[in-house]
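> Each chain is listed here by its residues.
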Amino acid sequence: MDACQIKLAVVAPLLDFPGPDPQVHQILQKAVRRFPNRLIPFARLDPRYGEQAIRELAFAVDTLGFKGLLFDPVSTRSLSYHPQVLPLMQAASERGIPVLIPTGNAYLGLPEQVALLAEKMPNLRIVLGHMGTAAHALRAIDLASRCENLYLETSLQQSPFRLPLAVREVGETRILFGSAMPYSHQRTELLKVHVAELSPQQKCLILGENAKRLLGLELDEGA
Amino acid sequence: MIIDAHIHLQGSVYAGDKRAGGDDLLRAMDEAGVSRAVVVGLGPEDNGSIIEIATSYSSRLIPFICVDPEDRPSLVIKRAALERGIRGLGEIYLKCGPSQLPEAHLRLVLEAAKTHALPVMIHTGDFSYTAPLLMTDMARRFPDVIFILAHMGSTAFVLDAIEIAKMFPNIYLETSGMTSPSMLGRAVAECGPGRILFGSDYPFWHPLVEMERIEAADLGTATTRMILGENIARLLDL
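Protein chains in written order, with the numbering used here: chain B, 1 to 223; chain Y, 1 to 238.
I should point out that these hints are in silico values taken from the structure, not numbers from a laboratory.
Treat the hints loosely; a few may be bogus.
[To be verified] Lysine to any residue pairs mimicking SDA-like chemistry, simulated, CA-CA at most 25 Å apart:
1. Lys-18(Y) / Val-195(B)
2. Lys-203(B) / Gly-16(Y)
3. Lys-7(B) / Glu-215(Y)
4. Lys-114(Y) / Asp-144(Y)
5. Lys-203(B) / Phe-204(Y)
6. Lys-18(Y) / Pro-200(B)
7. Lys-18(Y) / Arg-168(B)
8. Lys-203(B) / Asp-17(Y)
[Stated by the list, open to error] Output of the computed footprint for chain B on chain Y, the stretches with three or more beta carbons under 8 Å from beta carbons of chain B:
9. 5-19
10. 154-162
11. 199-208
[Unchecked claim] Part of the chain B face toward chain Y, derived, beta carbon under 10 Å:
12. Thr-133
13. Ser-155
14. Gln-158
15. Gln-186
All C-beta atoms, glycine included, are put in the ideal place defined by N, C-alpha and C.
Given the sequences, and given the hints that come with them, work out the whole structure.
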């Protein structure tokens, strides 16, 4: 992050809760506490566990101070729009936190599936992680253009040439820079935004201002 | 010398995209410091333009062509290779379903590739029907044909791409679109540095960004130079 002059980053566990490590959020919080002004923790929950997942969300947000939820349709083997998923999404919506959902070509991570969830929950702000990756980026852009609670996150979609299209179709305020480190690298992900044909103001929004607004962070200078 | 092992001639590939092909392509190469590039087709309909531009810029562009399944591959390839300076075949898309490239046809293409010592670029990655391991049988049956796996399986199938490259010395891996620098390091460690080729897949992706990933992998000067140009230069005898 320092090498790339990245001041803040959203960080989530690589394991779902419930899962092999019941302390996964406490461990993350301990790590984040070492860098309190740099890392923004998200809980990572498996919606199939219903009340147990909702209680952990409350604990992570209210007690540990987490700022969002990561829900991975692949690792939790869940269809995003399935009734089993909705209670946890409802809980996130009621707390006003965003949900990051990785999307791509896996049969459980299609942007279309997530868009159906977005339609069911218009007050839930959903970030399409990886904006569908290269395989489904154009679909992700199209869906986000029609669904105002969908945001696009730029990592793993390698083309800077698609970003102006995304800005034109979706608007400059619902696109968020991400790196998906360690699956990609912050250097290449940043360069992709920098070489895209966008105005400095648009790049500024994508590289931080949009995420800060989404996360309700103080708009302090230069971050 | 930096050589991009995978570009296309097309300009506009996204809605509102104003790039026009030829000049924009060379401008993108110049901006990224790319001296030469292998220009490959998306289909046989590109062959005419590829031959034309590669003839006009013969010091910078190295042509590959696609073969129409309706044509007789051996004749088409022979003519192209002998008369028009074609240096390889591709980009070939393996697809299941109605548009599947028939195996018999692919075999004819590979026979001709073998006869004329032309490497073959195969699109891999993203979808299970373009998985690198689908090439296992062909790589075994055609040990004299060099297979360049475009995108080295992309991020989703990169481990499979490394695996098949370990199994067959005639498999080369082209880097465009595979997002993880650490996986590049793994490919070098497991397959050696000599069969990994930098590519950008311009105009879909950007040579500067794709090159940055090679640099970010921190592979050392010698290996980086091999990937950025020396390997493809050796392969194509440039």
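> Please go over all the hints and tell whether each is borne out by the structure.
Each hint tested on the structure:
At roughly 16 Å between alpha-carbon atoms, Lys-18(Y) and Val-195(B) fall within 25 Å of each other, so this suggested pair holds. With a C-alpha separation of about 19 Å, the suggested pairing of Lys-203(B) with Gly-16(Y) holds against the 25 Å cut-off. Distance check on the hinted pair: Lys-7(B) and Glu-215(Y) sit about 22 Å apart at the alpha-carbon level, within 25 Å; holds. The hinted pair formed by Lys-114(Y) and Asp-144(Y) meets the criterion: a straight-line CA distance of about 6 Å does not exceed 25 Å.
Pair hint Lys-203(B) plus Phe-204(Y) holds up; C-alpha atoms about 20 Å apart against a cutoff of 25 Å. For the proposed pair Lys-18(Y) and Pro-200(B), the alpha carbon gap of about 20 Å is at most 25 Å, so the pair holds. Annotation: proposed proximity of Lys-18(Y) to Arg-168(B) holds, straight-line Cα distance about 14 Å (limit 25 Å). Taking the CA atoms of Lys-203(B) and Asp-17(Y), the gap is about 19 Å. The hint holds against a cut of 25 Å.
Against chain B, the segment 5-19 of chain Y contributes 6 residues with a C-beta closer than 8 Å to a partner C-beta. That satisfies the three-residue criterion, and the hint holds. For the segment 154-162 of chain Y, the stated coverage by chain B holds: 3 residues have a C-beta nearer than 8 Å to a C-beta of that chain, and at least 3 were required. Residue count for the segment 199-208 of chain Y with a Cβ under 8 Å from a Cβ of chain B: 5. That meets the three needed, and the coverage hint holds. Using the Cβ-Cβ criterion of 10 Å, the hint placing Thr-133(B) at the interface with chain Y is satisfied: the shortest such distance is roughly 7 Å.
The closest approach between the C-beta of Ser-155(B) and any C-beta of chain Y is roughly 8 Å, which is under the 10 Å cut-off, so the hint is satisfied. Using the Cβ-Cβ criterion of 10 Å, the hint placing Gln-158(B) at the interface with chain Y is satisfied: the shortest such distance is roughly 5 Å. At about 9 Å, the closest approach between the beta carbon of Gln-186(B) and any beta carbon in chain Y falls short of 10 Å, and the interface hint on this residue holds.
Violated hints: none; the structure is consistent with every hint.
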